[in-house]
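Asks: Start from chain S and add chain F according to the hints.
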Amino acid sequence: MPATFTRHQVETERRDTGYGGKPPVDRRPTGGGGGDENWDSRPSGRRGPREQLIRFRLAMFSGLAGDFVFFAVLVSAFFVRPSSGHISPADTFISDWHPMHAPPILWINTAILLLSTLTMETARRQLFHEIDIMEEWLGLGRPAVRRAAPWLIATIVLGMLFLAGQWIAWKQLGLEGFFFSSNPNSHFFFLVTGTHAFHLFLGLGVLVFALIAMFRFRKVEMRQIALDCAAWYWHAMGLFWVFLFVLIVFFQ
Amino acid sequence: MSFLRRRVFTTNHRQLAILYLLLGLAAVITGTLLSLLIRLHRTWPALALPFYGVLKPEDYLALVTMHGTLMVFFVLTIVPQSAFPNLVLPAQIGATRMAFPRLNAVAFWIALASFLTLLSAFFVPEGAPISGWTSYPPFSALSAAGPGQGAGMDLWLVAITLFCLAAVAGSVNFLVTILTLRCQGMSFRRLPLTVWSWLVSSGLTVIAFSALLAAAAMLLADRHLGTSFFLPSGEVLNGIVQRPGSGSPMLWLHLFWFFGHPEVYISILPGMGLASSLLANFTRRSVPAYGLMVASTLLIGVLGLGVWGHHMFVSGMNPYAGTAFGLTTIAIAVPSSAEVLTWLAMLFRGRLQVTTPLLFTMGFVSFFISGGLTGPILAQPALDAYLHNTFFVVAHFHLVMAMAGVFSVFAGIYYWYPLLTGRRMNEMLGQIHFWISLVAAYGTFFPMHLAGLAGEPRHYAQLSGPVAHFANLIPVERGITWSAFLLAAAQIVFLINLFWSARHGSHVDGNPWRATTLEWSPIVHPIVRSGAYVYGPNTAPGQDFLPQWSTNEPTVRSS
Numbered sequence: 026m027p028a029t030f031t032r033h034q035v036e037t038e039r040r041d042t043g044y045g046g047k048p049p050v051d052r053r054p055t056g057g058g059g060g061d062e063n064w065d066s067r068p069s070g071r072r073g074p075r076e077q078l079i080r081f082r083l084a085m086f087s088g089l090a091g092d093f094v095f096f097a098v099l100v101s102a103f104f105v106r107p108s109s110g111h112i113s114p115a116d117t118f119i120s121d122w123h124p125m126h127a128p129p130i131l132w133i134n135t136a137i138l139l140l141s142t143l144t145m146e147t148a149r150r151q152l153f154h155e156i157d158i159m160e161e162w163l164g165l166g167r168p169a170v171r172r173a174a175p176w177l178i179a180t181i182v183l184g185m186l187f188l189a190g191q192w193i194a195w196k197q198l199g200l201e202g203f204f205f206s207s208n209p210n211s212h213f214f215f216l217v218t219g220t221h222a223f224h225l226f227l228g229l230g231v232l233v234f235a236l237i238a239m240f241r242f243r244k245v246e247m248r249q250i251a252l253d254c255a256a257w258y259w260h261a262m263g264l265f266w267v268f269l270f271v272l273i274v275f276f277q
Numbered sequence: 046m047s048f049l050r051r052r053v054f055t056t057n058h059r060q061l062a063i064l065y066l067l068l069g070l071a072a073v074i075t076g077t078l079l080s081l082l083i084r085l086h087r088t089w090p091a092l093a094l095p096f097y098g099v100l101k102p103e104d105y106l107a108l109v110t111m112h113g114t115l116m117v118f119f120v121l122t123i124v125p126q127s128a129f130p131n132l133v134l135p136a137q138i139g140a141t142r143m144a145f146p147r148l149n150a151v152a153f154w155i156a157l158a159s160f161l162t163l164l165s166a167f168f169v170p171e172g173a174p175i176s177g178w179t180s181y182p183p184f185s186a187l188s189a190a191g192p193g194q195g196a197g198m199d200l201w202l203v204a205i206t207l208f209c210l211a212a213v214a215g216s217v218n219f220l221v222t223i224l225t226l227r228c229q230g231m232s233f234r235r236l237p238l239t240v241w242s243w244l245v246s247s248g249l250t251v252i253a254f255s256a257l258l259a260a261a262a263m264l265l266a267d268r269h270l271g272t273s274f275f276l277p278s279g280e281v282l283n284g285i286v287q288r289p290g291s292g293s294p295m296l297w298l299h300l301f302w303f304f305g306h307p308e309v310y311i312s313i314l315p316g317m318g319l320a321s322s323l324l325a326n327f328t329r330r331s332v333p334a335y336g337l338m339v340a341s342t343l344l345i346g347v348l349g350l351g352v353w354g355h356h357m358f359v360s361g362m363n364p365y366a367g368t369a370f371g372l373t374t375i376a377i378a379v380p381s382s383a384e385v386l387t388w389l390a391m392l393f394r395g396r397l398q399v400t401t402p403l404l405f406t407m408g409f410v411s412f413f414i415s416g417g418l419t420g421p422i423l424a425q426p427a428l429d430a431y432l433h434n435t436f437f438v439v440a441h442f443h444l445v446m447a448m449a450g451v452f453s454v455f456a457g458i459y460y461w462y463p464l465l466t467g468r469r470m471n472e473m474l475g476q477i478h479f480w481i482s483l484v485a486a487y488g489t490f491f492p493m494h495l496a497g498l499a500g501e502p503r504h505y506a507q508l509s510g511p512v513a514h515f516a517n518l519i520p521v522e523r524g525i526t527w528s529a530f531l532l533a534a535a536q537i538v539f540l541i542n543l544f545w546s547a548r549h550g551s552h553v554d555g556n557p558w559r560a561t562t563l564e565w566s567p568i569v570h571p572i573v574r575s576g577a578y579v580y581g582p583n584t585a586p587g588q589d590f591l592p593q594w595s596t597n598e599p600t601v602r603s604s
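Going down the list, the protein sequences come from chains S and F. The numbers in the first sequence follow the numbering used here, run straight up by one, and end at 277. The numbers in the second sequence follow the numbering used here, run straight up by one, and end at 604.
It is worth saying that the hints were derived from the structure and are not from the lab. Note that this is a predicted model, so its numbers are computed, not measured. For each residue, glycine too, the CB sits at the ideal point set by N, CA and C. Take the hints with a grain of salt, since some may be wrong.
[Claimed, not checked] If you want the ones that stay clear, here's a sample from chain S, every Cβ over 12 Å from chain F, calculated:
id : residue
1  : P168
2  : I178
3  : H260
4  : V274
[Stated by the list, open to error] Stretches of chain F that chain S covers, calculated by requiring three or more beta carbons in the stretch to come under 8 Å of a beta carbon on chain S:
id : stretch
5  : 259-272
6  : 283-292
One chain only, chain S, in its complex shape (with noise of 0.2 Å):
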């Protein structure tokens, strides 16, 4: 049986019958055992391509939890943009932030990095296919890596898209004045923003990374697993940047 993920769902520890009690009965008729009979119930503590696949992806999403709450710390100034003001001499409360408009660019920008997000996962889709995985396993080239490369590719082309997208909008926003000092609001923007966009640049450096280890590593597992956390790292920027755009173009 070779080493390869599947695309089902696995147990990955059998479930624990504990002690006391009445011992577990097999109720089949047959009792069970023998042909195809639970051909893909792994025993507990069992190691292979699967557990390490399984393992790198709750590094990910632990970190990205993390992320999460980064970028959610972030967000909360945006949430006390009420209290940013200053008492005018004539005793009012003047409210400093000024709400500004999106540049229509986000919009291409947004549907760039969603376009991204689909490659992505095409690509990711491409290196999990069973038949190519298969005989890339057994040593008969690499049909999987040349199916996903081209997606993957794409994607790096989608997500230097996005960054240059980015980079005129604020261009655009400093023609009209609006720089990163201005004023809260743009405090605000250009962090979130700009943090964002520093994250999506590290994705680019990962996602290129990926791209050579698809040619580079020798063990098609872990081929995978590159190819996998870069993927949901990818995954996880688009949904952040739907978030904050979101909140940028409707909430203001």
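Replies: Using the frame of chain S, we list chain F on its own:
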């Protein structure tokens, strides 16, 4: 080169544990020296230090800031939550390695870089920051606000940023290890309570330290990028109005304490898990309500995310929010009390084997109770209105966090010493260390309750001089100082014991404490058939415990 790779750039978790312990030792020595300087200055303000002179008030505040930062982060987070898991976590779940050894190693090196960055704040021209370990803006956001608030504060922020990264990296590793590398038969219900506590603490670390990272980034932006997330409008410094203003210092308080409160649970939960384990071991009893203890650990972790406002009752926060936070804080006393009552139940009916680890565990329980009982007092907004920023608060957190935390660290070191060295630490020196430390710790921190009730504020550099309201407390301060020096001196006994026993301690066999948990297992890949705390007369032939690596099925129903 191979020395570097083997000893220094190792990915072996046991060796990383030793490196973390050494880091913690360096931090606690530095932090203790700072605290002794604090005590000296409070008692004899005119004392001139050799090579330095008389401490000015800003120097005193720098001492307080760095003492707090070093102790909270580099002693009370590093040792229980980074050093001890690296030492025994894989073994306790029956694994041979961590899930991500290189990430684990990277976490240590970032933590070390953080420590060195923090210490370097002492050596920049204006010295260390003086805004407290909580670094409230606008004071901490303005470089010109005071000595040490320039380069010193920036170094402090960089150190904290690095520490956040190290903490999250390490915790991701622990989370994945606990969830996926348990050996065959090690179900969640059979996990030792130490592993449960590391699981919850790691989850809290990922959430809390990510929040601190973002807050620190925003503060750095305020300081250097001209933003004003935390700078209010109309802020005047040295006659100059600070622009742009229109931020909110309250935002920092919320963000910092959203981190700060889970941080103290991250520090104390491993100690609580260890206390349960050691009490089971040395009373030869199982943990009476294992499921309840697990539930309490989880509840403390989850509820701990919802109580941060109790640090902010008098900050100008909405009073109704104060009521809400007061309620959640009282709620968290419920699982904590459940744990304490379970420990007391184990002590009352157990056959105590009075060893040094047990003594320090009982000291832990003692400090947890005495420090914890003042928690519900401070949790009432009405009472906190008086007690906030007095020495009552200082007494509370030093007893429940510093002393209890440190006593659980000592218990762990005395307990796991045979695992590392094959020898026991000297029992007589251990008992001397324990008794002097216990008495001196209470002598140091208990009188602070009375000083706080008398109204003595925190952060005053001296009680005599121009402000003389509290001059009648100076004898109390003197007594506290003597106790503090005694406490520090008692630790020398511990250090002597630690290093002497490595060479001359009595040899012991593989399981000197006759424990059930897997770090003492002679089998490398055990199959677990029983719970973590099967102690009692009928558990196994010829002995009063059933280890988790045993090939026998358990005959009694216990966990």
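Asks: Give a verdict on every hint.
Replies: These are the hints, each one checked on the structure:
1. P168: holds (30 Å)
2. I178: Nearest chain F Cβ is 28 Å from I178(S), so the label holds.
3. H260: holds (18 Å)
4. V274: holds (22 Å)
5. 259-272: This one holds; 8 residues, not fewer than the three required, reach chain S with a Cβ under 8 Å.
6. 283-292: Holds, because 4 residues of the stretch 283-292 of chain F bring their Cβ atoms closer than 8 Å to Cβ atoms of chain S.
Of the numbered hints stated above, none is contradicted by the structure.
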